[in-house]
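*Asks:* So the protein sequences, as listed, match chains A, Z and H. Numbering follows my numbering, with no gaps: position 100 of the first sequence is 100. Numbering follows my numbering, with no gaps: position 93 of the second sequence is 266. Numbering follows my numbering, with no gaps: position 95 of the third sequence is 441.
Accuracy of the hints is not assured; some may be wrong.
Stated by the list, open to error - Derived DSS-like pairs: lysine-lysine, alpha-carbon spacing no greater than 30 Å straight-line: (1) A:Lys77 - Z:Lys211; (2) A:Lys169 - Z:Lys321; (3) H:Lys440 - H:Lys415; (4) A:Lys157 - Z:Lys224; (5) H:Lys502 - Z:Lys294; (6) H:Lys502 - H:Lys515; (7) H:Lys369 - H:Lys440; (8) Z:Lys300 - A:Lys169; (9) H:Lys515 - Z:Lys299; (10) A:Lys121 - A:Lys140; (11) A:Lys121 - Z:Lys300; (12) H:Lys564 - A:Lys77; (13) A:Lys149 - Z:Lys308; (14) Z:Lys249 - A:Lys37; (15) A:Lys149 - H:Lys564; (16) H:Lys502 - Z:Lys278; (17) A:Lys149 - Z:Lys300; (18) H:Lys562 - A:Lys149; (19) Z:Lys250 - A:Lys5; (20) A:Lys126 - H:Lys415; (21) Z:Lys211 - A:Lys51; (22) A:Lys148 - H:Lys533.
What the hints assert, rightly or not - Computed from the model, here is a short list of chain Z residues facing chain H with C-beta under 8 Å: (23) Thr240; (24) Gly258; (25) Leu264; (26) Ala268; (27) Tyr272; (28) Pro275; (29) Asp288; (30) Gly295; (31) Leu297.
If you are wondering where the hints come from, they were derived from the structure by calculation, not from laboratory data. All figures in this text were calculated on a predicted structure; none of them were measured in a lab. Idealized CB from N, CA, C, for every residue including glycine.
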Amino acid sequence: MEEMKAILEALVFASEIPLSVDRIGELFPGTEKNEIKKFLEELIQEYEERKGGIDLQAVAGGYQFRTRADFSQWVKKLRMGKPAGLTPAALETLAVVAYRQPVVKADIDRFRGVDVSGSLKGLLEKKLVRVVGRKDVPGKPILYGTTKKFLEVFNLKDLAELPTLRELKELQE
Amino acid sequence: MEEMKAILEALVFASEIPLSVDRIGELFPGTEKNEIKKFLEELIQEYEERKGGIDLQAVAGGYQFRTRADFSQWVKKLRMGKPAGLTPAALETLAVVAYRQPVVKADIDRFRGVDVSGSLKGLLEKKLVRVVGRKDVPGKPILYGTTKKFLEVFNLKDLAELPTLRELKELQE
Amino acid sequence: MGYEIKLDIFEGPLDLLLYLIKKNEIDIYDIPIALITRQYLEYIEVLRSLNLDLAGEFLVLASTLIHIKSRMLLPIEADEEMEDEEDPRAELVKQLLEYQAFKEAALQLDSRPVLERDVFKRACPLEMSALPEDLEVFEEMDVFDLVKAFQQMIAKLDRTERMEIDVEKMSLADRINEIMDKLTERKHLTFTELLEERIDRRWILYTFLAVLELMKLKMIKAYQGDSFGVIRIFLAVE
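Using the sequences provided together with the hints, build the complete structure.
*Replies:* And the structure:
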């Protein structure tokens with residue numbers, strides 16, 4: 001492949017947004033925009049004729065690689081099993097439960113300085129946190145702890161494997 | 174292009190992490206993994222011969238599209254020089270972890286002859302190193318190892334692809 | 347700050363030593379210790395005069411070198427003993443060779459096509475309709491993030507709220523979870539049953555401490571028939 005065309009392909013592929021001809025032009029001050037455009041149209045043509053899994057498309061004022069629409073069901077299937085992460089709020093709540101367990105919700109609230117109802121519910125649904133028991137005091141508050149799944153997800157043999165705060169602090173000094 | 178090959182190309186392109194044959198296998202329960210692998214190897218070959226801007230590569234236990242290394246200067250220009258790369262100190266610490274894993278901090282300190290707290294923390298934050306457990310000796314020190322991201326970042330198929338340490342081999346002989 | 351500058355010159359005392367050995371074209375297996383010690387100390391002086399904050403490790407190696415030097419100066423009393431006695435430099439040589447190997451390995455790593463430096467992956471997010479997230483699937487998460495989240499939180503709390511959480515406390519949490527699981531399943535248990543006939547002292551200790559903690563938290567109740575009778579443990583709240 002012609003080098004200029006290959007470079008354009010690399011740029012479009014690595015760009016965080018659909019790449020416009022103007023932006024490319026800034027990188028190649030000596031090159032005519034029409035020429036850049038010609039190369040990109042050639043690439044579009046080539047990908048179309050090849051009938052592979054990806055296409056180069058002109059979208060939103062720029063160029064972008066996309067998977068062929070015919071295969072969207074497969075891509076969706078792949079993405080469905082996409083591992084879900086935790087929000088920072090959920091992670092903080094989880095950290096309090098992990099390190100202070102068994103712990104009542106009021107204590108987690110106090111620790112985080114906000115009402116943790118939402119993130120706690122999410123963690124219970126994700127089966128990272130569970131009800132360990134109830135306290136025999138007025139109101140019989142629920143005590144929360146972490147689950148086996150929590151250990152699995154964080155790749156821990158047991159809770160004693162969790163790094164202690166002191167150990168982390170030592171790293172920072 | 175054969176449809177199955179085109180679907181595989183779309184999936185690899187769409188995946189945010191290097192896509193493993195096992196994961197693809199889950200989507201195609203009736204298909205032999207060897208067949209999937211064969212198609213992917215064919216794709217690798219095709220991209221190589223095409224000499225375009227992108228290559229398909231086998232990294233970190235999976236497959237991923239990447240820009241050709243020859244064009245790194247252009248992509249860097251496009252991305253406006255986000256500084257990348259590790260300091261020599263971080264690289265040395267990373268090398269010790271990679272070759273000696275699972276390894277405790279005291280051993281990394283000893284191998285490098287300095288306190289590695291700072292660089293170790295940086296590597297943990299960059300997700301190149303992770304906590305893998307505790308060593309079953311008094312004090313139960315934390316054991317560190319490398320991550321999948323380490324393989325991804327350094328373009329390694331797996332840890333076995335790391336070159337053997339020259340001097341250590343000599344020592345053992 | 348000074349520490350950072352120093353790191354730009356040598357990655358550590360072993361790095362400096364290795365540099366001196368290479369500069370003098372010395373056989374690493376037969377280091378002329380007097381010469382190297384002198385040069386090493388000179389370099390340290392130079393670094394110091396440049397007002398660079400020398401890390402303690404540089405001084406530790408200096409004293410190791412001096413110690414080796416003095417041992418090599420000691421008269422050898424008998425030839426046979428010489429045979430048995432290890433070369434005082436052996437340990438240092440081993441350390442240097444290991445360090446050198448890792449240093450090389452680090453350079454090799456750096457020479458690979460590094461992601462986001464030499465090669466780049468697709469950066470544009472895929473345009474797709476909203477996808478359901480599968481709640482049952484998780485990527486493996488990093489414990490480091492969890493600890494950091496907790497640490498950042500307690501940093502904001504009063505000093506009285508801060509507490510050290512150590513391995514012992516977490517071992518106790520493990521035991522508490524196990525005991526509560528069993529009790530939920532079996533309604534009541536004896537202390538002996540909790541011990542599962544294991545005689546590991548730590549296990550017995552943690553079981554005992556966990557029972558005490560659970561009683562303190564009013565999560566369980568323990569009853570004893572008579573003063574030497576069986577201790578039965580129940581959930582405090584069904």
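*Asks:* Hint by hint, say whether it matches the structure.
*Replies:* Now the hints, each set against the structure:
1. For the hint linking A:Lys77 to Z:Lys211, the alpha-carbon distance of about 22 Å falls within 30 Å, and the restraint holds.
2. Pair hint A:Lys169 plus Z:Lys321 holds up; C-alpha atoms about 25 Å apart against a cutoff of 30 Å.
3. Distance restraint check for H:Lys440 and H:Lys415: the Cα-Cα separation of roughly 17 Å lies within the 30 Å cut-off, and the hinted pair is therefore satisfied.
4. Of the pairs offered as hints, the one joining A:Lys157 and Z:Lys224 is violated, with about 47 Å between alpha carbons and a cut-off of 30 Å exceeded.
5. Taking the CA atoms of H:Lys502 and Z:Lys294, the gap is near 21 Å; set against the 30 Å cutoff, the hint holds.
6. Using a Cα cut-off of 30 Å, the hinted pair H:Lys502 and H:Lys515 holds, with the two alpha carbons roughly 22 Å apart.
7. For the proposed pair H:Lys369 and H:Lys440, the alpha carbon gap of about 19 Å is at most 30 Å, so the pair holds.
8. Taken as a hint, the Z:Lys300 and A:Lys169 pair is honoured in the structure, with Cα atoms around 18 Å apart against an allowance of 30 Å.
9. Simply put, H:Lys515 and Z:Lys299 have alpha-carbon atoms about 29 Å apart, close enough for the 30 Å limit, and the pair holds.
10. A threshold of 30 Å between alpha carbons decides the hint, and for A:Lys121 with A:Lys140 the separation of about 19 Å falls inside it, so the pair holds.
11. For the proposed pair A:Lys121 and Z:Lys300, the alpha carbon gap of about 28 Å is at most 30 Å, so the pair holds.
12. Restraint check: the Cα-Cα separation between H:Lys564 and A:Lys77 comes to about 48 Å, which exceeds 30 Å; the hinted pair is violated.
13. Under the criterion of a C-alpha separation no larger than 30 Å, the hint pairing A:Lys149 with Z:Lys308 is consistent with the structure, at around 22 Å.
14. With a CA separation close to 21 Å, the supplied pair Z:Lys249 and A:Lys37 stays within the 30 Å bound.
15. Between A:Lys149 and H:Lys564 the alpha-carbon distance is near 26 Å, which keeps this suggested pair within the 30 Å criterion.
16. A hinted pair counts as satisfied when its Cα atoms are at most 30 Å apart, and H:Lys502 with Z:Lys278 qualifies at roughly 28 Å.
17. Proposed proximity of A:Lys149 and Z:Lys300 is supported: the alpha carbons are some 22 Å apart, at most 30 Å.
18. Restraint check for H:Lys562 and A:Lys149: satisfied, since their Cα atoms lie roughly 27 Å apart, inside the 30 Å limit.
19. Restraint check for Z:Lys250 and A:Lys5: satisfied, since their Cα atoms lie roughly 17 Å apart, inside the 30 Å limit.
20. This hinted pair does not check out: A:Lys126 and H:Lys415 have alpha carbons roughly 63 Å apart, beyond 30 Å.
21. A C-alpha spacing of about 19 Å is found between Z:Lys211 and A:Lys51, which places the hinted pair at or below 30 Å, so the restraint holds.
22. Between A:Lys148 and H:Lys533, the direct Cα distance comes to roughly 21 Å. Compliance with the 30 Å bound is thereby established for this hinted pair.
23. Interface restraint check: Z:Thr240 against chain H, minimum CB-CB distance 5 Å, threshold 8 Å, status holds.
24. Hint status for Z:Gly258 relative to chain H: holds, with the closest Cβ pair at about 5 Å, below 8 Å.
25. With its C-beta approaching chain H no nearer than about 4 Å, Z:Leu264 sits inside the 8 Å limit, and its interface hint holds.
26. Satisfaction of the interface hint for Z:Ala268 is found here, the shortest Cβ-Cβ separation to chain H being roughly 4 Å, below the 8 Å cut-off.
27. With a cut of 8 Å, the hint placing Z:Tyr272 at the interface with chain H holds, because the nearest CB-to-CB distance is about 6 Å.
28. With a least beta-carbon distance of about 14 Å to chain H, the hint placing Z:Pro275 at the interface is violated under the 8 Å criterion.
29. For the restraint placing Z:Asp288 at the interface with chain H, the shortest Cβ-Cβ distance is roughly 7 Å, inside the 8 Å limit, so the hint holds.
30. With 8 Å as the threshold, the beta carbon of Z:Gly295 stays out of range of chain H, its nearest partner Cβ sitting at about 12 Å, so the hint is violated.
31. Taking 8 Å as the C-beta cut-off, the interface hint given for Z:Leu297 holds, the closest approach to chain H being about 5 Å.
Checked against the numbered hints given earlier, the structure breaks hints 4, 12, 20, 28 and 30 and satisfies all the rest.
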